Structure formats: C-alpha cells, structure tokens
Amino acid sequence: MKHSAIIIVILSLFTFSSCEKIINIDLKNAAARLVIEGMVDDSGSPAKVTISKSGVFSTNSNYPKVSGAVVKITDNLGNVFSLQETTTGIYTNTALKGVIGRTYHLSVLLEGKTYTASSTITRKAVLDSLVVDNNPFGGGIGGGDAEKWIGVSYTDPVGYGDNIQVVQTINGKEDRITHVADDFYSDGGRAPFFLTTGKIKLKVGDTVAIAFRFIDKYVYHYLLGIQNLADGNTIPENPESNISGNVLGFFSAHTSQNKEIIVR
Amino acid sequence: MRHFFLFIFLALSTASFAQDKQLLTISGTVKDAATGETLIGASIVLTDVKPKSTFTNAYGFYSINAIEGTYKMSVSFIGYVTDTITIVMDKSQQLLIGLQFKQAQLATVIISSKRKNENISRPIMGVDKLNMTEMNKIPVIFGEKDILKAIQLMPGYKGAGEGNSGLNVRGGGTDQNLILLDEAPVYNASHLLGFFSTFNSDAIKDVSVYKGGMPAQYGGRLSSVIDVKMKDGNQKKLSIEGGLGTIASRINVSAPIVKDKGSFIISARRTYADVYLSLLKDTGQGKKILYFYDLNLKANYKVSKKDRVFLSGYFGRDDLGLGKEFSTDWGNKTATLRWNHVFGNSLFSNTSLVYSNFDYKIGARVGIAKFSVVSKVEDFNIKQDFDWNITNKSKLRFGGNFINHTIAPGAVTEANAGGIAKPVQTRYSQESALYVSHEWKTSDKIEIVYGLRVSNLAVKGAGNFNTYDKSRNIISTTGYAKGKTVISYFNLEPRFSASYKLNELTSIKASYNRNVQNLHLITNATTSSPTDVWLPSSNNIRPEIADQYAIGFYKNSKEGMFEFTTEVYYKALQNQIDYRNAAVIFGNDNVESELLYGAGRAYGLELMMRKKTGRLTGWVGYTLSKAQKKIDGINNGNYFNARQDRTHDISIVGMYDVNKRWSVSATWVYTTGSAVTFPTGKYEVNGQTVFLYSDRNDSRFPAYHQLDLAATLEARKNKNRRYQSSWTFGLYNAYGRQNAYTINFRENKDDPSKTEAVRTSLFSIIPSATWNFKF
Numbered sequence: 001m002k003h004s005a006i007i008i009v010i011l012s013l014f015t016f017s018s019c020e021k022i023i024n025i026d027l028k029n030a031a032a033r034l035v036i037e038g039m040v041d042d043s044g045s046p047a048k049v050t051i052s053k054s055g056v057f058s059t060n061s062n063y064p065k066v067s068g069a070v071v072k073i074t075d076n077l078g079n080v081f082s083l084q085e086t087t088t089g090i091y092t093n094t095a096l097k098g099v100i101g102r103t104y105h106l107s108v109l110l111e112g113k114t115y116t117a118s119s120t121i122t123r124k125a126v127l128d129s130l131v132v133d134n135n136p137f138g139g140g141i142g143g144g145d146a147e148k149w150i151g152v153s154y155t156d157p158v159g160y161g162d163n164i165q166v167v168q169t170i171n172g173k174e175d176r177i178t179h180v181a182d183d184f185y186s187d188g189g190r191a192p193f194f195l196t197t198g199k200i201k202l203k204v205g206d207t208v209a210i211a212f213r214f215i216d217k218y219v220y221h222y223l224l225g226i227q228n229l230a231d232g233n234t235i236p237e238n239p240e241s242n243i244s245g246n247v248l249g250f251f252s253a254h255t256s257q258n259k260e261i262i263v264r
Numbered sequence: 001m002r003h004f005f006l007f008i009f010l011a012l013s014t015a016s017f018a019q020d021k022q023l024l025t026i027s028g029t030v031k032d033a034a035t036g037e038t039l040i041g042a043s044i045v046l047t048d049v050k051p052k053s054t055f056t057n058a059y060g061f062y063s064i065n066a067i068e069g070t071y072k073m074s075v076s077f078i079g080y081v082t083d084t085i086t087i088v089m090d091k092s093q094q095l096l097i098g099l100q101f102k103q104a105q106l107a108t109v110i111i112s113s114k115r116k117n118e119n120i121s122r123p124i125m126g127v128d129k130l131n132m133t134e135m136n137k138i139p140v141i142f143g144e145k146d147i148l149k150a151i152q153l154m155p156g157y158k159g160a161g162e163g164n165s166g167l168n169v170r171g172g173g174t175d176q177n178l179i180l181l182d183e184a185p186v187y188n189a190s191h192l193l194g195f196f197s198t199f200n201s202d203a204i205k206d207v208s209v210y211k212g213g214m215p216a217q218y219g220g221r222l223s224s225v226i227d228v229k230m231k232d233g234n235q236k237k238l239s240i241e242g243g244l245g246t247i248a249s250r251i252n253v254s255a256p257i258v259k260d261k262g263s264f265i266i267s268a269r270r271t272y273a274d275v276y277l278s279l280l281k282d283t284g285q286g287k288k289i290l291y292f293y294d295l296n297l298k299a300n301y302k303v304s305k306k307d308r309v310f311l312s313g314y315f316g317r318d319d320l321g322l323g324k325e326f327s328t329d330w331g332n333k334t335a336t337l338r339w340n341h342v343f344g345n346s347l348f349s350n351t352s353l354v355y356s357n358f359d360y361k362i363g364a365r366v367g368i369a370k371f372s373v374v375s376k377v378e379d380f381n382i383k384q385d386f387d388w389n390i391t392n393k394s395k396l397r398f399g400g401n402f403i404n405h406t407i408a409p410g411a412v413t414e415a416n417a418g419g420i421a422k423p424v425q426t427r428y429s430q431e432s433a434l435y436v437s438h439e440w441k442t443s444d445k446i447e448i449v450y451g452l453r454v455s456n457l458a459v460k461g462a463g464n465f466n467t468y469d470k471s472r473n474i475i476s477t478t479g480y481a482k483g484k485t486v487i488s489y490f491n492l493e494p495r496f497s498a499s500y501k502l503n504e505l506t507s508i509k510a511s512y513n514r515n516v517q518n519l520h521l522i523t524n525a526t527t528s529s530p531t532d533v534w535l536p537s538s539n540n541i542r543p544e545i546a547d548q549y550a551i552g553f554y555k556n557s558k559e560g561m562f563e564f565t566t567e568v569y570y571k572a573l574q575n576q577i578d579y580r581n582a583a584v585i586f587g588n589d590n591v592e593s594e595l596l597y598g599a600g601r602a603y604g605l606e607l608m609m610r611k612k613t614g615r616l617t618g619w620v621g622y623t624l625s626k627a628q629k630k631i632d633g634i635n636n637g638n639y640f641n642a643r644q645d646r647t648h649d650i651s652i653v654g655m656y657d658v659n660k661r662w663s664v665s666a667t668w669v670y671t672t673g674s675a676v677t678f679p680t681g682k683y684e685v686n687g688q689t690v691f692l693y694s695d696r697n698d699s700r701f702p703a704y705h706q707l708d709l710a711a712t713l714e715a716r717k718n719k720n721r722r723y724q725s726s727w728t729f730g731l732y733n734a735y736g737r738q739n740a741y742t743i744n745f746r747e748n749k750d751d752p753s754k755t756e757a758v759r760t761s762l763f764s765i766i767p768s769a770t771w772n773f774k775f
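Taken in order, these protein sequences are the chains called F and H.
Residue 1 is where the first sequence starts when you use the working numbering, and the numbers rise one by one after that.
Residue 1 is where the second sequence starts when you use the working numbering, and the numbers rise one by one after that.
Just chain F, with the same shape it has in the complex:
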C-alpha cells in the first residue's frame, strides 16, 4: 500500500528497458559515532542495552562494542535497575520485567557523559493468528513464481496511535528486516499485517517464528525511519533517536508475544 509499491510496479512494467548496474562511487567516511540500543520487555527476556560504535565502509559488520559504561534503568515508581556488562558492550538485567502503564528511564554514563532516554508501555495489542498467502509484489511481476509471505492478524486496541513491530525468524534465523506498522487503516480491527522478507525466500515447510511487539510512538518513528531507509524511496537521513546526546539508536519499552507457523 505504500507509494513505493506503485513505483515498483511501474518500474517492473518498464523492465524491458530499465537496467541495474553496480558502479563505483567514492564515499566519504565519517568519524565513528556512538550507537545505543536499549530494550525493556514484558515477556521475560532480560532488559538489555547494547553500546557500540559506527564503522567505516570496510568494516566487516563487526562493529566495535563499547565497554565500561554505567547503565541504569529507572521506572516511574522510583525502582532502580542497574544493568551489568555480561558480554563486552552488552549490559543486561534479568530482574527487570516491563509492566503496562509504566515509563522507563534509561541512563548511560560513559566517559563522563550521560545519555538519557524514556519509553512508556501504554497498552498492548493482541496477536491472534498467523496466515500464509502469495506475495503480490514478490517475484511474480517480471516473471517467476509468486513468493509466499506471512500475515500477522492482531486485534488493535480502539483509538488511533497504536504502533507495533514484528520480528520474523525463519528456520531459527532472524530475518534482518524492520517491520513496523501504525493503526491508520486498522484501528480497532484485525487487518493482517504482511511481512516481506529480506534475503531469505519463504518456501513450503519453513518454520517462521514471530515476535510481536507493541511499541511507543517515538520508537515507531525511529524504526519507521530504519524501514524507509531499507526501502530506498525516501530522503536518506539518520532516524531521530529518542536518546539524548546526539547518538544513534533507540530505547524501547514494549510488550511482546510470540507465535510460530509452518509454511504450507
């Protein structure tokens, strides 16, 4: 339903003449920037904060982790949870479990500077079921067989402004693509939300596990920014972080539900 879908259809229709090529472009390398990613979950996963740095283009996807930070999460009732560095750059606390209605404040003290963020778990949407269907935009337009995709049916709470995020794991491997949705067209309803896949193409027999999160609107806008960057039809810029101090990343407190389906 996105605007880019129309462009894709048009371009596919012109495939008899359009062409893709890998070209050489000299890119500038910016200085390394701090990336903080924090998460508070209600499903039993530990609270987790990952601190790393951005890399240059030649980085082999191993981004340097940052050690030695003092990481704390406080809720609006005054409970303080301190997160321990369990692995280099990864700070966790298993006792911290998200509760609906609470606001969580993150504080990261690193090299004399404090970075803060807040996130609230307002309510939750209920994950009902998963469905499998043919992806109308997948594979089929220029030729080849239509691909399958998974639809997530959920009950959206009445009232606009609810946002969800879905993480898709295919045969035990996380499909590294961001999926977020708002309730513009589905408020209070059950319109299934279909998930495109990244490098992995779904085939009959695949097991797909879904983590379904109810996220706050700042996190939604951040992740939507990430999702749009991947789609490529938007002005490229770093998504607005909800963490202070000009860092990259986000802090999210959310509810989470899990379900599995086998592709038939």
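Check the hints yourself; a few may be wrong.
[Claimed, not checked] Covered stretches of chain F (chain H as the covering partner; in silico rule of three or more C-beta atoms under 8 Å from a C-beta of chain H):
| hint | stretch |
| --- | --- |
| 1 | 58 to 68 |
| 2 | 246 to 257 |
[Unchecked claim] Going by beta-carbon spacing under 10 Å, a handful of chain H positions derived as facing chain F:
| hint | residue |
| --- | --- |
| 3 | Asp578 |
| 4 | Val685 |
| 5 | Ser694 |
| 6 | Glu747 |
| 7 | Ser753 |
| 8 | Arg759 |
Please keep in mind that the hints were generated in silico from the structure rather than gathered at the bench.
Note that the coordinates shown come from a computational prediction; the quantities given were computed from them, not determined experimentally.
Heads up, the beta-carbon is just placed ideally off N, CA and C, and yes, glycines get one too.
Following the hints, put chain H in place on chain F, whose structure we already have.
For chain H alone, kept in the frame of chain F given last:
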C-alpha cells in the same frame, strides 16, 4: 499603497493626455488565412513619422491608435507571410486580418524589423514563447512530441530527471509552477509518472513560459507560469490530422460550426504500452494494464462583431493495473467557458468560468484485506480580465479572480478484513486576487511594466484544525463549522520590470517580483507520483513567498539571424516546506505534524545564443546556478543544497533542413547530477546494518547527459492524393548513456566489508517511428 495608486494615476494621465489631437482607433483580430485560427502575439506596425506598434493578445485581438491620415500597416507573425495594408484613418474602425502560412521547409522566414527585435524592447524578462513549428521538430522519447520536455531545453528550466514529471524552474520546487491549459490549472501535468506530459501537442496553439517577471495577472505559484492555449479549430473547412506511433496514436478533427463564425476541435490520443506488456511472460497474476488517454475539446463562436464565446475542455486519464491485486488510475479534468467582449475599440474584456479537477483512485488486495484510496483536488474559478489600450504607449491590464478549492487528500478504506477507515478531512479554501498592471513606453529607450497583485487565501471549515508540538503530539484542536473562516492570509505582490534600449539591437532589463503560493505539494519521496498530497496554507502552513531580482542583457545580430540573451537572478524564498524524518504523508490526517519550515535561496546566470533563420536553426544554452534551503531541524539549521541544485546545465538544440523532404534535428543536454545524500559509514541497530548519513545533500549523482536525434520525411507531393503525410523517426538516448534514475547502496552479499552502489537507469537507446497524416 496610496502612493502606488497615485503613481499609477499620474502615469496614466501623462500617458493619455500627452497627445492633444483626436485619436482614432483601429482594432480587430489577426488570423491564419487558411484555418481562421487566431494568432497570438502577432506584430502590428503602423508606419508614421515614428512607427507605432502593438501585439495581438491571447485571443488574437489588437488595438492601435493614430490621428487622421493614411498609413501603411504591416502585420507579421513568425512563420507567416507579412501583410502590408494601406489604411485610411478617417474614423475608428475594425479590421480582420488574415495571414498566409509560409511552408516551413526551406523558408527563410521574413519578419518585420519590429518583430525581429521584439526581445530587445519589451520590458518583460524571463519569458519564452515556444514556437510550435520548431517544437514539433525536437526529438522526444517514443516519438511523442512533448511541450514540457521542449521547455526543459531552455536555460532556467530543468527536468527532475527521467521518470520524473517535475520541472524545477530557477531552483524552485516542482510544485511551484502554475501550469494552465486554457486558463485551467493542471495539477498533475504528466502521464505514466512523468514519461509523457498531459499536453497533446496536436491540440496546442501557443505556449508561453515565464520564469521571472511574471505579469500581475498571474499568481499563485512561486517559480513559473506555463500558459498553454489550445487551438480554436478550423473555421474554413473540415480538417483531419493524426499520427500512428510506436507507443501512441492520435487523431485531431476540426471543422467550422458556421463558416468564419465558429469552429470546433476534438483531439484524442491513446498509448498502448500494455501491448508490450502482453509480450512479457504471464506470471499468473492476471491482466496487466498500462495506458493513458487524452481528450481535448474546444468550440468557439462569434456571437457578434464584439462578442465571442469559447468552451474548452480537457479530459485525461492514466490506468495502471495488475490483475486483481492492484489497480490505480488518475487524471485531470478541466473545463473553461469564456466570453470575450470589446468595449468601444480599445477595452478588451474576458470573463472566464473555470473548472479544474485532479483525482486518483487506488485499489489493492493484500491477503483478504481490500484497500481503496480516493483523492481529489477540485477548483471552481471565476476570472475577469480587462485589457485596455489607452494609447499606443500605455496599456493597462486589470482584473481579478476567485477560486474555491476543495481538497480531499487520499483517505484509505479497508473493506474486507474488519479494518475501519481512518478519516482524512477534506479541506476547503478560497483564494481571491485583484491585480492591476501598466505597460508604459516612457520614451523611445525606456519601457516599463509595473503592477500590483493583491491576494488573499481564506481557509474555511468545516473541519478540525490542530496545532502540534515538536514530537508530533497534538497540542490543541479547534473545530470550525461549515463556511467559517479558520485563518486568512493577505499578501501584496508588487511586480516591476523595465527595459532600457542602448541601441536598436541591444538592451538591458531589470525586474523585481514578489510571488505568493498558497497550495503546497507534500511529498517526501525522492520520486514524484500522483499520490503526492496537495495542501492549502493553514494555521500551521504559512504562504510561501518568493522575491526575485533579475537583470539581463540582450543583443541581436544585425540581420536578426542571432539572438543573444544573458540573465542573472537572485531569489529569496520564505516559508519553504520540508519533512521530518520518516514522515508519513499518505493518508495521514495529521500530515501537518510531519512538516518543517525554513527559508530558501536560489541564484544563477543564464546564457543563451539562438540562431533564428537559415537552414540550420536552434540554440545553445548554459546555466550556472545554485539552489539552497535552510530548514529548522535539518542539517543543524544550516543551508544545504536543494535536491534540484545543479551547478552546470548545457543544452544544445539544432534543426537542419536537408532538402525539401528531409529535415533532421538533434538535442544534447548535460547537467550536473542532482544533490543527494550518500552514506558516510555504517552501524548496527535492530539486528541489521544501517548506513550512517552526515550532511544533507552533500554528494552528487553522476552527471546527466544525453543525445536525442530525429528525422522527418515529408511524403512526395501528389496532386491526385487528397492527404499529406510525413514520417518521423527518432532515436532517444542515441549513444545509450546510462543515466542514473536511482542509486542505492548495499553491502556485498559475500563480502560485507564491501559497499556496493547500485545504479538503476531506465532507458537505453530507444528508436521510434511515427506516421503522420493530414487531410
């Protein structure tokens, strides 16, 4: 204000009372003798001690004054044989003049000396008139003649690239162009997302484009006016023209309703790109649909010697679909009813009722969910213009208009799966304007045009209007009843331009203009699409304002063979609109919470050398320019290059008549790549690698260049055959330059330490052939 009107009054009095003898007037219409089509901008020169001159207006009407006596009057128009008539002025009179069309082939067009140097003395700057005969020779994609593409070959006008309908004029945004078809604004001037324009050139008589120095009768957009006028139709006999092409066919029928009194024209065009699609492998997704069509209709009737009525309409639609999964169609509808009346001999009046509509529908099926989107922009417009030839040296134009806009910005409904439509409110607004403009030859050397446009936009209920904080949260909501004014913006738009003739062949000109824009196209995508949203100014969006200063130098060669133009401009823009990161534009009732505001500036130098006569005609244009924006919340509030910023722009257009039957043409364009943001690093978030970005638009696409060729072969004249025919062959992108449509970056699948730039280009070499006929 008071001083301004006082000045006008003084100027008018000096101009009108300067001559004391009884002035007589000769007025009338200039037409093509064969078809009765009125000629716009034809030159009329009355030979006297000092020659007096004037031009026909948009309806072919002229009016010229002289005291009693006998004169020679010469009437000329480019491509036509100049007619010289002896006039005995003993009383005011009306005179209809018919000019003979000169066969274009090998004709060294004879034009009067006045006409030849019109560009020197006229005070208006930054105006270009498209010569339709010349335009028809310019090579174009798939052989489809296209006025918007032809405009892009002139300095100052830049296309937004292949597959983009947008036109950036002097660094302005693509929504800052007022595109008029018989006075009706056309909101989306492209077909198939920009590959073709909505103007079927068979139906077009005249195109005037203004990139600076817009006369006060135009308003509502910041950057340019593209004023397209349709043909009136053959007043003498039935005429049928048409063409069969590789991608589209067209037909044009015109005939008199009553000979020499009224005529009509019907012009239709349809593409058949879907024919090519059916050649693709069927993928079981159902029928693919991809076509557009255009219909232009016009009728006119001369009710009396002083009254003429016109009814014109345009209807165009694009249809695109993919089985049951996806369908979309969009298009423009316009209708214009006009009444021309001449009061006395020198006051010309035109009253117009204009209807204009752009709408789109989208339907999509995703799983069991069925979505549909319907959107429209609808205008009702009433306009009154007066054109008063006070003396040969002093002309006054004044008038006003009132437009009622209704904008329904794409609400989405989901039919099957229990989803409820999110309402997106329809917005109502009323735009009104009054203008006065005085064109005055103050001496033999100096001519000036000055004027004022007073414009107002009133945003009306019914509706809820919100204010927002910086985090997109609603701070307050105010509900307004139907017809209640929410907010209104009043603006004064002074316009001034002057020319100073250094000698008969050389002049300098200067101009200052303020333009105000109250309708804004909201799009955060890097490519344009019909689903972009138009919004009126509101409690959040302020009217966009542009102040443009320009100076120019103009020189013609002695025989009128060469014309040389230099213009320098500076534009300061206020209340420019940009978007927050990850802005949701489509179907969002709170779209105004996604907007950011700031300023803009654009400046440049434009050079053009044109060869107007001989077997080889054409021009070379060069532009050196800069376009920047400064938006609160982007790039730390610093100036950054606008996407349309292109440092260098070169266009070369050549047309050559080989012999009586063959003519060839070529165009070559070179443009600095548009300003874009390329990544400057990468990081990991949410389990995936994400590219890091630094300053906005600090990189460039590779330069864009392309050569297009065309050749026209006229069929041998055969007296036994009732029809004439010709072939047009085209070669688009002749050396197969792979110009970038998009450049995306990704990590190499096998070696993530490598970042790949993937360039998508749309068209390589495309040959085309069209057979044209006329009888």
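Evaluation of the provided hints:
| no. | hint | in the structure |
| --- | --- | --- |
| 1 | 58 to 68 | holds (count 5) |
| 2 | 246 to 257 | holds (count 3) |
| 3 | Asp578 | holds, 9 Å |
| 4 | Val685 | holds, 5 Å |
| 5 | Ser694 | holds, 5 Å |
| 6 | Glu747 | holds, 7 Å |
| 7 | Ser753 | holds, 4 Å |
| 8 | Arg759 | holds, 5 Å |
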